[in-house]
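S.K.: Chain W: place on chain P using the hints.
Protein chains: 2
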Amino acid sequence: MAKHMSKRHTPETLAFTDGKLVLIDQTRLPQELVNLTCSTVNETHDAIKRLVVRGAPAIGIAAAYGVCLAAAPTQASRQDYLDAADHLATSRPTAVNLFWALDRMKAVIEATDDDSVLHENLVNEATKIHDEDREMCKNIGRNGASLLCESKCVLTHCNAGGLATSMWGTALAPIYHCHQQGQTIEVFADETRPLLQGGRLTAWELSQAGIPVTVLTDSMAGSLLRSGKIDAVIVGADRIAANGDVANKIGTYPLAVLARHHSVPFYVAAPSSTFDLNLADGSGIPIEERSRDEVAEPHGICVVPPDANVMNPAFDVTPAALIDSIITERGLIPQPNRTKVTAHLS
Amino acid sequence: MAKHMSKRHTPETLAFTDGKLVLIDQTRLPQELVNLTCSTVNETHDAIKRLVVRGAPAIGIAAAYGVCLAAAPTQASRQDYLDAADHLATSRPTAVNLFWALDRMKAVIEATDDDSVLHENLVNEATKIHDEDREMCKNIGRNGASLLCESKCVLTHCNAGGLATSMWGTALAPIYHCHQQGQTIEVFADETRPLLQGGRLTAWELSQAGIPVTVLTDSMAGSLLRSGKIDAVIVGADRIAANGDVANKIGTYPLAVLARHHSVPFYVAAPSSTFDLNLADGSGIPIEERSRDEVAEPHGICVVPPDANVMNPAFDVTPAALIDSIITERGLIPQPNRTKVTAHLS
Chain P
730 MAKHMSKRHT
740 PETLAFTDGK
750 LVLIDQTRLP
760 QELVNLTCST
770 VNETHDAIKR
780 LVVRGAPAIG
790 IAAAYGVCLA
800 AAPTQASRQD
810 YLDAADHLAT
820 SRPTAVNLFW
830 ALDRMKAVIE
840 ATDDDSVLHE
850 NLVNEATKIH
860 DEDREMCKNI
870 GRNGASLLCE
880 SKCVLTHCNA
890 GGLATSMWGT
900 ALAPIYHCHQ
910 QGQTIEVFAD
920 ETRPLLQGGR
930 LTAWELSQAG
940 IPVTVLTDSM
950 AGSLLRSGKI
960 DAVIVGADRI
970 AANGDVANKI
980 GTYPLAVLAR
990 HHSVPFYVAA
1000 PSSTFDLNLA
1010 DGSGIPIEER
1020 SRDEVAEPHG
1030 ICVVPPDANV
1040 MNPAFDVTPA
1050 ALIDSIITER
1060 GLIPQPNRTK
1070 VTAHLS
Chain W
730 MAKHMSKRHT
740 PETLAFTDGK
750 LVLIDQTRLP
760 QELVNLTCST
770 VNETHDAIKR
780 LVVRGAPAIG
790 IAAAYGVCLA
800 AAPTQASRQD
810 YLDAADHLAT
820 SRPTAVNLFW
830 ALDRMKAVIE
840 ATDDDSVLHE
850 NLVNEATKIH
860 DEDREMCKNI
870 GRNGASLLCE
880 SKCVLTHCNA
890 GGLATSMWGT
900 ALAPIYHCHQ
910 QGQTIEVFAD
920 ETRPLLQGGR
930 LTAWELSQAG
940 IPVTVLTDSM
950 AGSLLRSGKI
960 DAVIVGADRI
970 AANGDVANKI
980 GTYPLAVLAR
990 HHSVPFYVAA
1000 PSSTFDLNLA
1010 DGSGIPIEER
1020 SRDEVAEPHG
1030 ICVVPPDANV
1040 MNPAFDVTPA
1050 ALIDSIITER
1060 GLIPQPNRTK
1070 VTAHLS
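Sequence order for the protein chains is P and W. Numbers 730 to 1075, taken from the working numbering, label the letters of the first sequence in order. Numbers 730 to 1075, taken from the working numbering, label the letters of the second sequence in order.
Same shape as in the complex, but just chain P (with noise of 0.2 angstroms):
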């Protein structure tokens, strides 16, 4: 876990060390830092699904390592892999970045005709996965930081942070990259209702970095906007379309016009890889609908009663007309729209 510790100032995300692929377990912070390991396929399936491991780019680079386990490397069919690839693709239906990956590690396998270098290629393609998430990271920080050099205060929802990711984050990059420059920066997170990752996990890793944190439940971001502290808006991104609508955490659509009510800007910051350029508009994008239980027993404890309904969609779509700026690894998507998106990935 300690190969690139010395860039970052909280452990890595996620290592493939030894044959396995090591995460920290998200279910389980703040209240402690442990790790899981997994040794099979099933296992990285279950991690995603439980959200061990969250975040689109992170999702991609697990479920890539999580191809290499398919079975002992000297053991392993081209089926083996292929069938592993087809079964992480059935994790999570709404981070593209899943299925960007995986893509990538079929390609490998049809691509590789020895099968002796299967499976020694497909570590490689997925550390070079890995490698880029990294280096996107930091170019999303840098070009993210540009649009912030003038804010004090800056609000962000769920976790778009070293945790969703290699390192640094995609939301989280540019404040980061701002805080490394000496600038004075602090961050509200909203909780984020159900599971909690802006309290849990935003605020947790940015305190690590010494980088001064609030966190207030998803309905208190309105009166925060209206109060005129927040300088900007910035969130990830799940899955992008071809016209620049965005599919992110659920919350991040009421956000988008709340800020634009009270003419806050509002970024979304995300890797090339969250583009999908099969989908017109956001309407085509599929959202998660997740148990009942995450709203209705947080904890194990009864919140609602049995015989009320719940609905618990996971992620919803913001149009790109509320969207002041995209922020990508190669640079910005001003006001986006299909032009200014194809241009930009071409």
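What the hints contain is simulated information worked out from the structure, not anything from laboratory work. Please note: incorrect hints may appear among the correct ones.
[What the hints assert, rightly or not] Mimicking SDA-like on lysine to any residue, the simulated pairs with C-alpha atoms at most 20 angstroms apart in a straight line are:
no. : chain 1 : residue 1 : chain 2 : residue 2
1   : P       : Lys958    : W       : Lys958
2   : P       : Lys958    : W       : Val1046
3   : P       : Lys958    : W       : Glu1023
4   : P       : Lys958    : W       : Asn1038
5   : W       : Lys958    : P       : Pro1015
6   : W       : Lys958    : P       : Pro1042
7   : W       : Lys778    : W       : Thr766
8   : P       : Lys835    : P       : Thr856
9   : W       : Lys958    : P       : Glu1018
M.R.: Same frame as chain P, now just chain W:
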């Protein structure tokens, strides 16, 4: 507790029985329906502060009965009752109905020359406040129903139902009225972090009444409104300024912005005792800041690291311009402003 049960579907929120104040302990719902009995002023103060009883009208009634508990009926002095009223006024700062009810109790103390009937007069005044509240709920129900007669799906926030008043509630009263008239109506209830009054209380009392209810996290209201499923949003109020600005549970303001963004009507239902004509606008309304633990340690589980800050304002202010109508027991105030509020209350 059974005096008025025939008129409603759920047990009474509060009752004055055998010289004691009996409250449904709302902190225990929906897990269990248990009463808490207050025999003293301090116990009543504590019950209001801990939200055993909550909701602006119910707080006012509870405090009025609480004054009667200053001492044994034959032993309490005028000063004991005045001290009780002053002490109860410190229990919570935002809901103005508390001060309104206590002012009525103080006026009785001042108007009663014969000490031997003081306790009786105070119990009579508290009972009168309680009875008037029942009548108020019915009238708000009838008046508000005129706005909801075409509505199939209504979104509400927190609990402004029977549990927040003597019966029927304020925001929920029109829904109960429509339901009793045979109208098909269903409710979407924001869970209302941090204390989950929507998921715990609104969902519980609507389920008891056989009205379909779906609980959502506060962050889901944006995409729900965007879906076009919601016909109206209706909430209660803790204090309304002279110009129609409304203080209500945190999360009300963003809901008003989102409702306007989606051209969904936004209604506020409250008794006329909720108006504070001493305040020109909402900027003067004191907003209660509650404890860190409510956000950071729900059910005793740490969900925010100790070195992160937490904000916990219990209320926000919605400007009158975002409100389509205020519903009181007297009628409607469409597009409220200072002139209309003054005319409505005079």
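S.K.: Work down the list of hints and note, for each, if the structure agrees.
M.R.: For each hint, the structure was consulted:
no.	hint	result
1	Lys958/P x Lys958/W	violated, 33 angstroms
2	Lys958/P x Val1046/W	holds, 16 angstroms
3	Lys958/P x Glu1023/W	violated, 23 angstroms
4	Lys958/P x Asn1038/W	holds, 16 angstroms
5	Lys958/W x Pro1015/P	holds, 19 angstroms
6	Lys958/W x Pro1042/P	holds, 15 angstroms
7	Lys778/W x Thr766/W	holds, 15 angstroms
8	Lys835/P x Thr856/P	holds, 15 angstroms
9	Lys958/W x Glu1018/P	holds, 18 angstroms
Going through the hint list in order, the structure does not satisfy hints 1, 3.
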